[in-house]
Amino acid sequence: MLLKQDNLVKHLALYDVVGTAGVAADLSHIDTNAKVTAHTGPKELAAAVADADVIVIPAGVPRKPGMTRDDLFNTNAGIVRDIVDVIAVEAPKAMIAIITNPVNSTVPIASEVMKKHGVYDKRRIFGVTTLDVVRAQAFVAELKGLDATKTVIPVVGGHAGTTIIPLLSQVTPKVNFTEDEIMKLTPKIQDAGTEVVKAKAGAGSATLSMAAAGARFASALVRAIKGDKSVMCAYVASDAVKGVDYFSTPLELGPNGVEKILGVGKVSKFEQSLIDASVEELNKNIKKGVAFVKGN
Numbered sequence: 001m002l003l004k005q006d007n008l009v010k011h012l013a014l015y016d017v018v019g020t021a022g023v024a025a026d027l028s029h030i031d032t033n034a035k036v037t038a039h040t041g042p043k044e045l046a047a048a049v050a051d052a053d054v055i056v057i058p059a060g061v062p063r064k065p066g067m068t069r070d071d072l073f074n075t076n077a078g079i080v081r082d083i084v085d086v087i088a089v090e091a092p093k094a095m096i097a098i099i100t101n102p103v104n105s106t107v108p109i110a111s112e113v114m115k116k117h118g119v120y121d122k123r124r125i126f127g128v129t130t131l132d133v134v135r136a137q138a139f140v141a142e143l144k145g146l147d148a149t150k151t152v153i154p155v156v157g158g159h160a161g162t163t164i165i166p167l168l169s170q171v172t173p174k175v176n177f178t179e180d181e182i183m184k185l186t187p188k189i190q191d192a193g194t195e196v197v198k199a200k201a202g203a204g205s206a207t208l209s210m211a212a213a214g215a216r217f218a219s220a221l222v223r224a225i226k227g228d229k230s231v232m233c234a235y236v237a238s239d240a241v242k243g244v245d246y247f248s249t250p251l252e253l254g255p256n257g258v259e260k261i262l263g264v265g266k267v268s269k270f271e272q273s274l275i276d277a278s279v280e281e282l283n284k285n286i287k288k289g290v291a292f293v294k295g296n
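All the letters of the sequence shown, read from the start, carry residue numbers 1 to 296 under the UniProt record's numbering.
A few of these clues could be false.
Stated by the list, open to error - Each computed DSS-like pair below joins lysine-lysine, with the alpha-carbon atoms no more than 30 Å apart:
| id | residue 1 | residue 2 |
| --- | --- | --- |
| 1 | K43 | K150 |
| 2 | K150 | K174 |
| 3 | K43 | K288 |
Think of the hints as simulated: they come from the structure by calculation, not from any bench.
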């Protein structure tokens, strides 16, 4: 619905294994210029993605209480692989924004599939970590009495547990945190998704906040294609941190996707320790994704 309200979106193609027709009919009644089409089942996937500029992949099973994002791998890895297999043929130059968890592994899966087809462009494949940024900004704004819409916090690393690293030393506008505040805020941001899963008591994971965050990132990609550059955090193939091939940092987005990787910038000793500690976990997640494609 949020993307239907974006005036730069000309065509919204919806795809799912069931139930897309009703959602498309409902969306099409919103009085904006975006055309809405419905595509259902594997046979219609090619038509859904053909010649798309931006493709958002939120498909997969959600978490239940007690599950980590990595627990979703066995189901969701195959879903992402199969979708990207079709994208590689029908829309090889599309910007691919991956929401499907575990993002730390599904982004490498998408990259390996595109490599198999000989159409890999690392600038065009993104793991959407915007929800971590949105949460960090909301929590800090509430704690410090700031305007949440004008609070900016880079969140780097990955998109699971301790690999989610909010750079509280880089908050704009500049604010000071006590050590106690940092030690409470950091795990609160890292575990925010689990909090929602527990609150929903088995009825799913974050959907409303994820929709807002996903739409924000997709809209930024659409604007970047049109030449309106912006800076967003996302998990991409990156050399920003030594010893790991994928990492989320602020990126400059442009017509070709990632125009510039801006890196982690100046960080505190505590933040550097979190970055260093995340490398081992991220490498495990990345290797798992790469091995899945190479072994199937």
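Is the Cα-Cα distance between K43 and K288 30 Å or less? Holds, at about 29 Å.
K43 paired with K150 [C-alpha distance capped at 30 Å]: 44 Å, violated
Is K150 close enough to K174, meaning Cα to Cα at most 30 Å? Given pair K150, K174 holds - Cα atoms ~12 Å apart, limit 30 Å.
Hint compliance for this structure: hint 1 alone is broken.
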